[in-house]
Amino acid sequence: MDSRRDFLKGVLAGGAAITTAAVAPPACARETHSRPAEALGLLYDATLCIGCKACVAACKEANNNPPEFSTQDHLWDTPLDTSGYTFNLIKMYRNGTMEKKDAEVNGFAFMKTSCMHCADPSCVSACPVSAMTKDPVTGIVAYNADACVGCRYCVVACPFGIPKYQYDSPAGKIGKCELCRHRYKDGHYSACAEVCPTGATLYGKSSDLLAEAKRRIALKPGDTTRYPRGKIGGPDQSYEAPVGNYLQHVYGETEYGGTQVLKLSAVNFEKVGMPNLPPKSSAATSETLQHSLYGGLLMPIAVLGALSFIARRNVHDEDDAAGNETQEKSS
Amino acid sequence: MSQQQHAAPTPIGGSLMNAATLVCGVLIAIMMSILLVRFVFGLGAATNVNDGFSWGIWVVFDVMIGSALACGGFSVALLVYIFNKGEYHPLVRPALLASLFGYTLAGGGIFFDLGRWWNFWHIFWPSYSNPNSVMFEVAVCVTVYILVMWIEFSPVFLEKLGLRDTKKKLNKVLFFFIALGIVLPMMHQSSLGTMLVVMGGQVNPLWQTPAVPLIYLLTAIIIGYGVVLFESCVAAASYRRKIELNLLNPMSKIMLGVLGVYLVVRFGDLIIRGAMGEAFKPSVMALAFWVENICFIAPFFLIGNVVARRNPARLFLAGIAIMMGGILLRLNGFLIGYEHYTGHGWSYFPSFPEVMVTVGMFAVEVLGYIIITRRFPVLPRDDAQPAY
Numbered sequence: 026m027d028s029r030r031d032f033l034k035g036v037l038a039g040g041a042a043i044t045t046a047a048v049a050p051p052a053c054a055r056e057t058h059s060r061p062a063e064a065l066g067l068l069y070d071a072t073l074c075i076g077c078k079a080c081v082a083a084c085k086e087a088n089n090n091p092p093e094f095s096t097q098d099h100l101w102d103t104p105l106d107t108s109g110y111t112f113n114l115i116k117m118y119r120n121g122t123m124e125k126k127d128a129e130v131n132g133f134a135f136m137k138t139s140c141m142h143c144a145d146p147s148c149v150s151a152c153p154v155s156a157m158t159k160d161p162v163t164g165i166v167a168y169n170a171d172a173c174v175g176c177r178y179c180v181v182a183c184p185f186g187i188p189k190y191q192y193d194s195p196a197g198k199i200g201k202c203e204l205c206r207h208r209y210k211d212g213h214y215s216a217c218a219e220v221c222p223t224g225a226t227l228y229g230k231s232s233d234l235l236a237e238a239k240r241r242i243a244l245k246p247g248d249t250t251r252y253p254r255g256k257i258g259g260p261d262q263s264y265e266a267p268v269g270n271y272l273q274h275v276y277g278e279t280e281y282g283g284t285q286v287l288k289l290s291a292v293n294f295e296k297v298g299m300p301n302l303p304p305k306s307s308a309a310t311s312e313t314l315q316h317s318l319y320g321g322l323l324m325p326i327a328v329l330g331a332l333s334f335i336a337r338r339n340v341h342d343e344d345d346a347a348g349n350e351t352q353e354k355s356s
Numbered sequence: 018m019s020q021q022q023h024a025a026p027t028p029i030g031g032s033l034m035n036a037a038t039l040v041c042g043v044l045i046a047i048m049m050s051i052l053l054v055r056f057v058f059g060l061g062a063a064t065n066v067n068d069g070f071s072w073g074i075w076v077v078f079d080v081m082i083g084s085a086l087a088c089g090g091f092s093v094a095l096l097v098y099i100f101n102k103g104e105y106h107p108l109v110r111p112a113l114l115a116s117l118f119g120y121t122l123a124g125g126g127i128f129f130d131l132g133r134w135w136n137f138w139h140i141f142w143p144s145y146s147n148p149n150s151v152m153f154e155v156a157v158c159v160t161v162y163i164l165v166m167w168i169e170f171s172p173v174f175l176e177k178l179g180l181r182d183t184k185k186k187l188n189k190v191l192f193f194f195i196a197l198g199i200v201l202p203m204m205h206q207s208s209l210g211t212m213l214v215v216m217g218g219q220v221n222p223l224w225q226t227p228a229v230p231l232i233y234l235l236t237a238i239i240i241g242y243g244v245v246l247f248e249s250c251v252a253a254a255s256y257r258r259k260i261e262l263n264l265l266n267p268m269s270k271i272m273l274g275v276l277g278v279y280l281v282v283r284f285g286d287l288i289i290r291g292a293m294g295e296a297f298k299p300s301v302m303a304l305a306f307w308v309e310n311i312c313f314i315a316p317f318f319l320i321g322n323v324v325a326r327r328n329p330a331r332l333f334l335a336g337i338a339i340m341m342g343g344i345l346l347r348l349n350g351f352l353i354g355y356e357h358y359t360g361h362g363w364s365y366f367p368s369f370p371e372v373m374v375t376v377g378m379f380a381v382e383v384l385g386y387i388i389i390t391r392r393f394p395v396l397p398r399d400d401a402q403p404a405y
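As you go down the protein sequences, you meet chains H and Y in turn.
Okay, so the first sequence: first residue is 26 according to this note's numbering, each after it adds one.
Okay, so the second sequence: first residue is 18 according to this note's numbering, each after it adds one.
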């Protein structure tokens, strides 16, 4: 009977411990982060992009990356996707006869693929060694190879498929766009925006870029307006051009709490490879769960205390078994 | 309560050179040569992992599944020391040994996959470590747990070495390490599931849920019992020993109880989230979901009654079903149910060398188990088996 009662006590205590540990209330709810006030970013306007890929070449050069070949002759840098050696790429949407630019049916469109510099990046939350960090001022999501352990959790976690690993090297690094932060000290800014001939990729403060994006989508398609080039707030390089047939959606305004790189398109964003993301970031969900369970190690220590107390009473069996054995050995 | 007489653990003895150890040796040699290629030429030279599936079987099998299959020690300790079921004491050492090996290998195996492994210590270094990262918690917990298990298991070596005083001193504080040895796996086995959360919608809703820590924790406990069933049957068959039916029968009943709780949580969560529809789509993911859950339901049919639970073949099959279910749950979450948002051009199937490394890791485990049970007091002495 005693044994049964002890067992039931154990069941209750252990069960309570497991239940508190596993289904604790979200005591440490972590809100989705938003963009820092001075966040830097890009505005990519697909209706202005002519697919010249000058930005792809400039990115290669700025980041000192080797060419990647996908044609037989190995003459030109022709990456088919971003990789550990290609941080920026212009991809093409094609449909039917491909007659009309920026038409979803029988048309084609371009889309830039590069780091979105999320307000609440999954890669930064995932990285166990702070090799992925978000600058508190500029909001640039930076990578530090000297800290990186190469676990590639960032590669798996990123909703945009941006951090990529160099699988062909015994000392492979993660490769991703860092908004050319290494070029700022020389008075430069993001190479892709610097070279863009049409202003399809525009560099600047995210808040300015968001205002510019909203200005554009409020215009009447077919009217003419002035489009800045290079850098918002830099020397005037603007030109006059017709207004595109914009979707009423600034991609990156709210996705996962917002991104610092914003996008405009005439073709459905999912069709051009931009995932449909909720306003709540997965980093916030993950960290809320994690810190509710382990915040300050409060719960683990409480459970450890309870289990130590129980184990201390029950561990006599072990002593007895050892005792038996000593007797057996001596006999 | 503490008057139960257990057969003292004794070494099995016998030769270490036989067909099984030889095969293990060859498999380990193959693994080493593949790893040489991997460390000289990079991950791409040996594996098929890519940017769409950056985690292959070296992570999902060797580390995640490997550690889950090593939960026997944790599950039995929970039973013996927390629920005070002293009669299961003879199962503690063999289960702990398997856990010790499983975890040490899973912890070591992560180095094969780490692209910049020489920086590994950064995880524990305060200026680098990121407590927001689920992987940080898993890595720290697993490392500490491996140390704790070596301490828990050290009485076996102390016995062998005749250091009885040291053993006595250790026994006084052993309860703390036993408690730690239960809290730590609870923490990281649940967190292994939480690792999916940051991947967001890239993981199918059948496996992406805020309840994932509880789901992984419960299955880790169940797998622990499943592995004990499996290993007891294999050890009994290969060492021609009596099978511990008097223990396995009631233990498997407890396992069914936890399994019932798990199934309620698993399907309750799917229904509450309205994700059940995914299971009825004509997709590979839906099929994988059903195979996984049939494995978890099968033990109720295999060992649902006392008569069936006295049948070693049925216990063995139930153990295998549980292990399969646990393997599939993890494989489904991290590989089969995972799809990169950015396109469907990615695919992954392990390369032959990749598979041979996983096989080699298994061989290390089997070889280690054979050597230790033959040379160290782990398995209960057969002739002293009390007749219950």
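Keep in mind that the hints were calculated from the coordinates and are not lab data.
Beta carbons are placed, not taken as given, at the ideal position from N, Cα and C, and that holds for glycine.
Each hint should be verified, as a subset may be incorrect.
Unchecked claim - According to the in silico footprint, chain Y covers these stretches of chain H (three or more CB under 8 angstroms from chain Y):
id: 1; segment: 241-250
id: 2; segment: 266-272
id: 3; segment: 285-293
Said to hold, decoys possible - Derived, one-sided and incomplete: chain H residues facing chain Y with beta-carbon distance under 10 angstroms:
id: 4; residue: PRO188
id: 5; residue: ILE257
id: 6; residue: GLY258
id: 7; residue: ASN301
Stated by the list, open to error - What follows is a set of in silico ranges between Cβ atoms, one per label pair, in the way DEER data are often shown:
id: 8; chain 1: Y; residue 1: SER144; chain 2: H; residue 2: SER194; range: 35 to 43 angstroms
id: 9; chain 1: Y; residue 1: VAL278; chain 2: H; residue 2: ARG337; range: 44 to 52 angstroms
id: 10; chain 1: Y; residue 1: PRO143; chain 2: H; residue 2: GLU295; range: 40 to 48 angstroms
id: 11; chain 1: Y; residue 1: GLY30; chain 2: H; residue 2: ASP171; range: 47 to 55 angstroms
Quick check on the hint: GLY258 of chain H CB to chain Y CB, less than 10 angstroms? Status violated, d = 32 angstroms.
Assertion that chain Y covers the segment 266-272 of chain H - criterion: three or more residues, beta-carbon distance below 8 angstroms: violated (count 0)
Cut-off 10 angstroms, beta-carbon criterion: hint that ASN301 of chain H touches chain Y: At about 8 angstroms, which falls below the 10 angstroms cut-off, the nearest Cβ of chain Y leaves the hint on ASN301 of chain H intact, so it holds.
Hey, does the PRO188 of chain H contact hint survive, CB to chain Y under 10 angstroms? Holds, because the Cβ-Cβ distance from PRO188 of chain H to chain Y comes to roughly 9 angstroms (cut-off 10 angstroms).
For VAL278 of chain Y and ARG337 of chain H, compare the CB-CB distance with the range 44 to 52 angstroms and indicate the outcome. violated (27 angstroms)
Just tell me: holds or violated, for the beta carbon distance of GLY30 of chain Y and ASP171 of chain H against 47 to 55 angstroms? About 52 angstroms separates the Cβ atoms of GLY30 of chain Y and ASP171 of chain H, which means 47 to 55 angstroms holds.
Three residues or more, CB to CB closer than 8 angstroms: is that satisfied between the segment 285-293 of chain H and chain Y? violated (count 0)
State whether the coverage of the segment 241-250 of chain H by chain Y holds or is violated, taking the criterion as 3 or more residues with Cβ-Cβ distances under 8 angstroms. With 0 residues closer than 8 angstroms to chain Y, the segment 241-250 of chain H misses the three-residue bar; violated.
Quick one: are PRO143 of chain Y and GLU295 of chain H within 40 to 48 angstroms, going by C-beta? For GLU295 of chain H against PRO143 of chain Y, whose Cβ atoms are near 42 angstroms apart, the range 40 to 48 angstroms holds.
Verdict for SER144 of chain Y, SER194 of chain H (Cβ pair) under range 35 to 43 angstroms: This hint is violated: roughly 26 angstroms between Cβ atoms.
Going by Cβ atoms only, is ILE257 of chain H closer than 10 angstroms to chain Y? violated (28 angstroms)
Hint violations for this structure: numbers 1, 2, 3, 5, 6, 8, 9, all remaining hints satisfied.
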